[in-house]
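2 protein chains.
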Amino acid sequence: MCEANAYMVKDGKEELLMEAVDLIEPEDNNSGYRIMSIFGEQKIIKGRIKSMNLVSHKILFEKTV
Amino acid sequence: MCEANAYMVKDGKEELLMEAVDLIEPEDNNSGYRIMSIFGEQKIIKGRIKSMNLVSHKILFEKTV
Chain A
34 MCEANAYMVK
44 DGKEELLMEA
54 VDLIEPEDNN
64 SGYRIMSIFG
74 EQKIIKGRIK
84 SMNLVSHKIL
94 FEKTV
Chain B
34 MCEANAYMVK
44 DGKEELLMEA
54 VDLIEPEDNN
64 SGYRIMSIFG
74 EQKIIKGRIK
84 SMNLVSHKIL
94 FEKTV
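Those protein sequence lines, which keep their order, are chains A and B.
Residue numbers for the first sequence follow the working numbering, beginning at 34 and rising by one.
Residue numbers for the second sequence follow the working numbering, beginning at 34 and rising by one.
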């Protein structure tokens, strides 16, 4: 399976937000993203995408300044 | 491998931007994203992420209004 783990980068550290993320969609007001795992878990992430590395299964978010 | 195909959604149609995308990073000025394939091909995509579905290997971009 090709889901990825999502992290919030804070002070240079990666805090796990959710494992096995399948879906990522921007929120309507552009304040962040809705992410959903293959298990159906959902979270709203306030911030922006910092980087995604699909082969490494890694999605990094960061707070918007 | 878990790379995905990137598409631009225009008038409801999906136009292929790049196959086998591995890396996605926002441009410094937030005008869009830099995407890179596992083959090292790079493109700058003007627009925003519309949705990503990792299990389906699909990244959709759309022009910002």
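By construction, these hints were calculated from the structure, which means they are not laboratory data.
Computed from a predicted structure; not experimentally measured.
Among the hints, a few may not be true.
Any copy, or any two copies together, can satisfy a pair, since identical chains are not distinguished.
Claimed, not checked - Think about it this way: if two alpha-carbon atoms lie no more than 27 Å apart in a straight line, the pair counts; the simulated DSSO-like pairs of lysine-lysine are:
1. K43 / K96
2. K79 / K46
3. K46 / K96
Handout entry: Numbers of the earlier hints that this structure fails to satisfy, in rising order
Key = none
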